[in-house]
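Enquirer: Chain residues, written in single-letter form:
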Amino acid sequence: MTGLHKPRSGTEWATVCVAVLLVLLGLPLLIMGAQLAMIGGSFYYVLFGAALIAAGALMLSGSVNGALLYLAAWALTWPWAFWEVGLDGWGLLPRLFGPTLVAVAVALTIPVLRRIGTSATSATGSVV
Amino acid sequence: MQRTSLMTATAVFGLTFAAVLPVPFNASFAQTPPKESAPGPGNATTGHDAEKSSDKFAAPSPYAPQAPGVNAANIPDGPPAEASEATPPVDQISASPAHDDWPAYGRDTNATRYSPLDQITPENVGHLTRAFVYHTGSKPAAGQINKWAAETTPIKVGDGLYTCSAVDDIIKLDPGTGKEIWRHNSGVKYESIPYTAACKGVVYYTASTVPEGQPCHNRILVGTLDMRLIEVDAADGKLCEGFGYHGQVNLMKGMGESVPGFVSITAPPPVVNGAVVVNHEVLDGQRRWAPSGVIRGYDAETGRFLWAWDVNRPDQHGEPQPGQHYSRGTPNSWATMTGDNELGLVYVPTGNSAADYYSALRSPEENKVSSAVVAIDVKTGSPRWVFQTVHKDVWDYDIGSQPTLMDFPGKDGPVPALIMPTKRGQTFVLDRRDGKPVLPVEERAAPTRTDVPDDPRAPTQPWSTGMPRLGVPDLKETDMWGMSPIDQLYCRLKYRRAKYLGEFTAPEISRPWLEYPGYNGGSDWGSMAYDAKAGVLIANWNITPMYDQLVSRKKADELGLMPVDDPNFSPSAGGAEGAGAMADTPYGIVVSPFWNEFTHMMCNKPPYGMITAIDMHTQKVLWQHPLGSARANGPWGLPTHLPLTIGTPNNGGPIITAGGLIFVAATTDNLIHAFDAKTGKELWNDVLPGGGQATPMTYEYNGRQYVAIMAGGHHFMMTPVSDELVVYALPERK
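As they're listed, the protein sequences go chains A and B. 48 is the number that the UniProt record's numbering gives to position 48 of the first sequence; each next residue is one higher, with no gaps. 592 is the number that the UniProt record's numbering gives to position 592 of the second sequence; each next residue is one higher, with no gaps.
The hints are simulated quantities; they were obtained by calculation from the structure and are not laboratory data. Model, not experiment: these values are computed from the prediction. Cβ atoms here follow ideal geometry from the backbone N, Cα and C, with glycine treated the same way. Possibly wrong hints are sitting among the right ones.
What the hints assert, rightly or not - Across the chosen pairs, the derived CB separations fall in these ranges: (1) B:VAL472 <-> A:ALA14: 37 to 45 angstroms; (2) A:LEU101 <-> B:ASP451: 40 to 48 angstroms; (3) B:GLY137 <-> A:TRP78: 55 to 63 angstroms; (4) B:PRO639 <-> A:GLY86: 28 to 36 angstroms; (5) A:LEU101 <-> B:PRO643: 21 to 29 angstroms; (6) A:ALA107 <-> B:GLN119: 54 to 62 angstroms; (7) B:HIS617 <-> A:GLY86: 32 to 40 angstroms; (8) B:LEU501 <-> A:TRP80: 25 to 33 angstroms; (9) A:GLY86 <-> B:LYS620: 22 to 30 angstroms; (10) A:TRP83 <-> B:VAL472: 19 to 27 angstroms; (11) B:HIS127 <-> A:TRP83: 42 to 50 angstroms; (12) B:GLY137 <-> A:ALA107: 54 to 62 angstroms; (13) B:ASN568 <-> A:TRP80: 49 to 57 angstroms.
Next comes chain A alone, as it looks inside the complex (with noise of 0.2 angstroms):
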């Protein structure tokens, strides 16, 4: 990584601001998270938010892995919601529909970041 990866085009700004906003939702899942899993709650929230705010970090430095981790834990949802609550639908709203949202808009950004990787990599062999 070498800090964070400035954008150039209109798609890498949607890029950023994806990554800004997994970020700023990691923070109170974070944050709160943790404050539930000390006084006996689960576990997930605080993993899903540190998840969240590390791929947040990665593709702000431009790394198409930040995508990739949260779509893993994206996916590591669905089973959790399931055992959580079985297929109760009112159950699986709050678990799964906004993340399913997010998890579209982060799709998205996979193609740029890829290309960023590409030029980044090319770049960062002609600087060093």
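Add chain B to chain A, keeping to what the hints say.
Expert: Below, chain B without anything else, positioned relative to chain A:
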């Protein structure tokens, strides 16, 4: 977590689909205005200092004269009356209603809410249209705090549809056109409105000493918010001179110190064997030594005092001597009572002693009769039996429902029985003769852990195991809900930070405690409907937990919690709204819905309201489903306009018709609903001009069946207030 960042994050995560996701809310509760949230840990110490009352103002002496306006019509009291017996009565029409009529609040003296009318059927109910709308004219004026919730069910006898406005004006309408025939202005002032401006209904009384054709042979009786009994002539609405003092009785006589709005009648007082039995609401949470919850009988014919049942003066049935008063702080009863002419009893659903959440200052006599059904002999005013639904109640589980009478099919023939719904969702079925359970009731261990000094909880509580429970299992962390993982997490934290040991979790000072069922029920004042022919009981009920916390006197003062009779009390001041002073005790109380105070969505997952049909022969659930849609509710109080049935909080009862229909409004979606009584399928609904927080009724006039609902709204349910009585019928054949 900072409020702003949580808001932002929740909004970002949630807003995108808030429009898609139907979320109800605006939780709803009956008697106590709630706070946004409990103060949380560290709010108070439990040390000795914190228990000392630091009330800034000395409590008014119970012997102090009543404030101006308490005796609203300035009726001279006269000397205290001895106990006496009622003028021998004639049979009342509510005991055997005519086919076309709905002559009493619960239709008949058994309070079945069942009508034999069958013109409107599952096949044609979809064609119902508005026949007429009547404006009662009672709603908040500009600048007045909205305390309105009319909760009215009209009655229909012969050629009259009789109703009351939210502030007790008595009205006779033409049942076919809604045209006003007469109106009696009762003159209730705004200051006299307690928590809620409600008039559940009027009473039709036929005199025993006035012959037919003379004035006041048939009368309309109402109990008012400012504690009067008023009788007017059913024919012309004029006061009945022969009743009380020119047609009125002052019910504040003998009550001791009070201020307007502290004590009120909102339910129709039943007439049983010539005695009008009067109960009243005492504003919750004010002070331990609030005015008495005394139950009294008056002669329906003359308004003469007959007897009093005063819990802490059990052997004195007369009025208090001059300078004395009925015993203070005793359990009050605000629900609609049911009379039993055959057994000469009135069934009184009681509430709690004053200062609901602290029980250390209650007498043993109070502890025996609070949150109970008390059967009082209408000749003497003595209780014949008592059945208690909560022991040493500190959860505001006062009974809001009217008991429904039925013949329970027993081994040796029918047993005269009484169905008592409760806020706990436990429905007790009792023998009316002795109060013994007809269906099994078990005493089960209840949580007793509490950090409140010297206020131990009852080790067991009664469970009606023979009847289906109207409730959901104890809440779990995974039941917490939200629009997104973030607000759901917030609720999970709230859940974990509270003390919760299941139902009857005892009050706590050092942190909030979670109360489920909450004080809106289970079953509240809407009560139930019973079809005796089919043996089917219909109930709509709530799943609305509360988040409560006791606070030290010091903290209560900081929060501005003040009793209504405090000289500094102001209904518009921030903290004064809180029903939590509990003055004269060491603690105040903060009650709040168990919700996310930022989004105003409940913390538990839907549904929040249900409707259930129970076969009383087998005590099995025939059908049960969520009641109420998300159309008018959503996060931040925004309507979602979605027709999705989510199950909303509801207040107001169901009715059953022989046509095979159930009508119920009650829900916070502002709809009136019609269900197929057999299957529970929703067949019809209509958007009301205000919240339908009232029980509908039905009647026939000139061969046409009508369905009436008071769309008065409910200030605390946050449904729109209107003054419209909406009446439906099938289109007339041309």
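Enquirer: Indicate, hint by hint, whether the structure satisfies it.
Expert: Status of the hints after comparison with the structure:
1. At roughly 44 angstroms, the beta-carbon separation of B:VAL472 and A:ALA14 lies within the given 37 to 45 angstroms, and the hint holds.
2. About 44 angstroms separates the C-beta atoms of A:LEU101 and B:ASP451, a value consistent with the hinted range of 40 to 48 angstroms.
3. With their beta carbons about 57 angstroms apart, B:GLY137 and A:TRP78 fall inside the hinted range of 55 to 63 angstroms.
4. A C-beta distance of roughly 30 angstroms is found between B:PRO639 and A:GLY86, which places it inside the suggested range of 28 to 36 angstroms.
5. Judged by the Cβ atoms, the range 21 to 29 angstroms given for A:LEU101 and B:PRO643 holds: they are separated by roughly 23 angstroms.
6. Here the CB-CB span from A:ALA107 to B:GLN119 is close to 59 angstroms, well matched to the stated 54 to 62 angstroms.
7. The hinted window of 32 to 40 angstroms between B:HIS617 and A:GLY86 holds, with their beta carbons roughly 34 angstroms apart.
8. Taken as a hint, the range 25 to 33 angstroms holds for the pair B:LEU501 and A:TRP80, whose Cβ atoms sit roughly 27 angstroms apart.
9. In this structure, A:GLY86 and B:LYS620 meet the distance hint of 22 to 30 angstroms, their C-beta atoms being roughly 25 angstroms apart.
10. Evaluation of the 19 to 27 angstroms hint for A:TRP83 and B:VAL472 yields a pass: the beta carbon distance comes to about 21 angstroms.
11. Take B:HIS127 and A:TRP83: their Cβ atoms lie about 49 angstroms apart, and the range 42 to 50 angstroms holds.
12. Take B:GLY137 and A:ALA107: their Cβ atoms lie about 60 angstroms apart, and the range 54 to 62 angstroms holds.
13. About 53 angstroms separates the C-beta atoms of B:ASN568 and A:TRP80, a value consistent with the hinted range of 49 to 57 angstroms.
Checked against the numbered hints above, the structure violates none of them.
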